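S.K.: Start from the sequences, fold in the hints, and give me the full structure.
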Amino acid sequence: MEYLNQLNTVQRQAVTETQGPALVIAGAGSGKTRVLTYRIAHLLNNGVYPSSVLSLTFTNKAAREMKERISEIVGAETAKYLWMGTFHSIFSRILRTEAEHIGYSSKFTIYDSSDSKSLLKSIIKELNLDEAVYKVGSVLGRISSAKNNLVTPEAYFANTALQTEDAGMRMPKIVDIYRKYSAKLKFSDAMDFDDLLLNTNILFRDCPQVLADYQKRFKYIMVDEYQDTNFSQYLIVKKLSALHGNVCVVGDDAQSIYSFRGAKIENILNFKNDYPNYQLFKLEQNYRSTQTIVNAANSIIAKNSKQIQKKVFSENEVGEKIKVVGTLTDKEEGFVVSSAIHNNIYTDGFDYSEIAILYRTNAQSRIFEETLRRKEIPYRLYGGLSFYDRKEIKDLLAYYKLIINHRDIEAFKRVINYPVRGIGKTTLDRLIDFSNHANVHVWDVLENIEVTEIGFNKGTVAKLKGFVDIIKSFSEKLETTNAYDLALEVADKTGILKEFFSQKTPENIARYENVQELLNGIKDHEESNRSDDMPIVTLDNYMENVSLLTDLDNEDPEDKNKVTLMTVHSSKGLEFKVVYLVGLEEDLFPSKMSAIMPDDVEEERRLFYVAITRAEVKAHISYAETRYKYGTPTPSRPSRFIKEIDRDFLDIKDDNESGFGGESNFSQFNTGSGPSYGSFKKRNVADNKPKIKVYNDLPLSQRNLKKIDNSVNNNTVTSSGLYNVGQKVNHEKFGRGIIESIEGEDSNIKAKIIFDSSGAKTLLLKFAKLEIIPS
DNA sequence: GTATAAACACTTTTT
DNA sequence: GTGTTTATAC
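Numbering (numbering that gives the first Met the number 0), first residue to last: 0 to 774.
Keeping only pairs whose Cα atoms sit at most 27 Å apart, straight-line, the calculated DSSO-like set for lysine-lysine is:
#, residue 1, residue 2
1, Lys322, Lys642
2, Lys393, Lys116
3, Lys424, Lys497
4, Lys576, Lys559
5, Lys237, Lys215
6, Lys237, Lys281
7, Lys462, Lys412
8, Lys652, Lys320
9, Lys492, Lys393
10, Lys503, Lys492
11, Lys305, Lys281
DEER-style ranges, computed between Cβ atoms:
#, residue 1, residue 2, range
12, Asn269, Asn507, 50 to 56 Å
13, Ala160, Met592, 21 to 27 Å
14, Arg260, Ala160, 17 to 23 Å
15, Val460, Gly630, 42 to 48 Å
16, Arg260, Gln502, 37 to 43 Å
17, Lys471, Ser501, 23 to 29 Å
Honestly, the hints are just simulated from the structure, not real lab data. Please read these numbers as outputs of a predicted model, since none were measured by experiment. C-beta: ideal position from N, C-alpha, C; glycine also.
M.R.: In structure tokens, the structure reads:
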């Protein structure tokens, strides 16, 4: 058991004490993954069958990496029988096996959040509700949180408290939407993400025999990132472990950052109540980061009230102080960070892959992409518009989904007229209306289109028939054809590939490459899953969990040595030698949404803790005084979190050295009294012409770099100031005209213009490309 | 029915 | 600034 020597005392105990419930509190960088890996390896080495060990992780990537490491210790032949994956992937697998017990087929579709939103949207329309009040995002949030708390539509209907809350938010009909949404999902043989957990609970509740089978099978259960489990997940674990009681949960309450998704930090805080005879292991030594980083992180998290007592410490070198840099604009922040990265590479000798830029929101990535590209620094962007969210990928996947499950209405709507085959909105609306009223699947209407009294003309009927025939012809090949061959055939015969070749625009070339990448992925899947038992790997086998994949699961070897750009959320569990934590501003980090609730600010603080503790040797914090938000510059103040770090660990640089002159920007850190961001006021940018001021304030050396800014600046400034009633203007389409009146504020200023040729039009100045004709 | 441009909406975080 | 929905002309 050589691996045991690589562990400290507590770690070793956590690995070898395998019987009964165990709670492992794992501070950041304390070797949590190592403990989990060795614990499982230890079980296997002691004769436990791999198929009786269930390990639940937060991401597919974490599961895959853990499995690889276990393979290295016990061999791949053993490791491959382990049940290891995310809650969603493990239980979707179980649900496919047990589908009939809960009224689904084993080929049910998994709806991702855009499918869910699209379905909700159609329901809101159908119920004649105001789409401006019932925003799909909020409605989905309500439904999702209901599902994660195991509140079914029936229970929701019976729950007056929930409905009172809804009424308070001016959305009293949520319960109706929820009922309809659930019914439609089931009618479409589809489950959304939350259903995978909810339906597992329903299965275990309604089929005691099935539950008993799985209880018997899973003798040992491991849960990683337990602080981020929701009630639904919690209950699954509790039920499954009830027979053997060997449940080991690992987590760090200080890193609980998913409450917006229903995660309950209480799950980890209350573990002791659920499993009174539990053993507690506290991993407190951080092996990842310098003392400075660990202590700085401790000084922040100490500000939170809810936490399990622990003392995380590091015995690594003290290390550099955390550099804090303020810049005038978000663009300058981009330049500063990119230059610093350039130095990290060429002066400090780091590799690109050892460096990450972490931000609170995906929208912040763009500026870093630009500045990195300008310095020719290779980067890899995670999240945001993920590979699987791209239109061309979704379109093709929708075909595959429809071929496998004809009832999948969202897939149907996506592809019925793509590529364009002359089946427009009117036809589609009538079709869906008809099927809603008759309570029949759209697909069944189509199959019987000739005998249905729907009254389409001959041409339409022929087009629809053509569509049905081609889908059917693919479906027939499902069982007998390899995934890649069928996937390619679909892409080809539906005319999707042809679309990309119609015009050789850069966009089309990129789309074509993305489709190629998807097809390659299918080929990979096919080859790695082919075995003697399964000589043909079918497309539906590939599609089973494709909805659960994310960017992180699509690692391209070419992306190995690149700077990482991602949100703080997606950085959880990762580590980098150098971390740039950017956009540390009030209303951004902590997010504006968290401003009202103290609990939410605590979560933001934990998020900040997660961010800082990703760094091994260098951490760098930055903020900008002006940031573009929806295309308009907005003034901002440095985040309260900067102030909360013990000053001893910080090296505060203001932008004086880049030539601004004047007093230190950071008097507020010295006096520490209240939010007196004095020096900001002096350079207040909140007046009408912010960008001109900012621009003129810039040192000459940087003005040259800012050329791109120029055009944008002029545009905004003119739209708020330079247009007047009576001004003659030229429009690229409508030609010459004269401004009759101006109304509205900020970015919504409208002007009524009388054009010489086309008469009066009211245009938003933000969009209208007007040229001023000097008089 | 389709192709364009204007209007509008939007930004928390993700399995 | 980006992506999506709508109004309008073909």
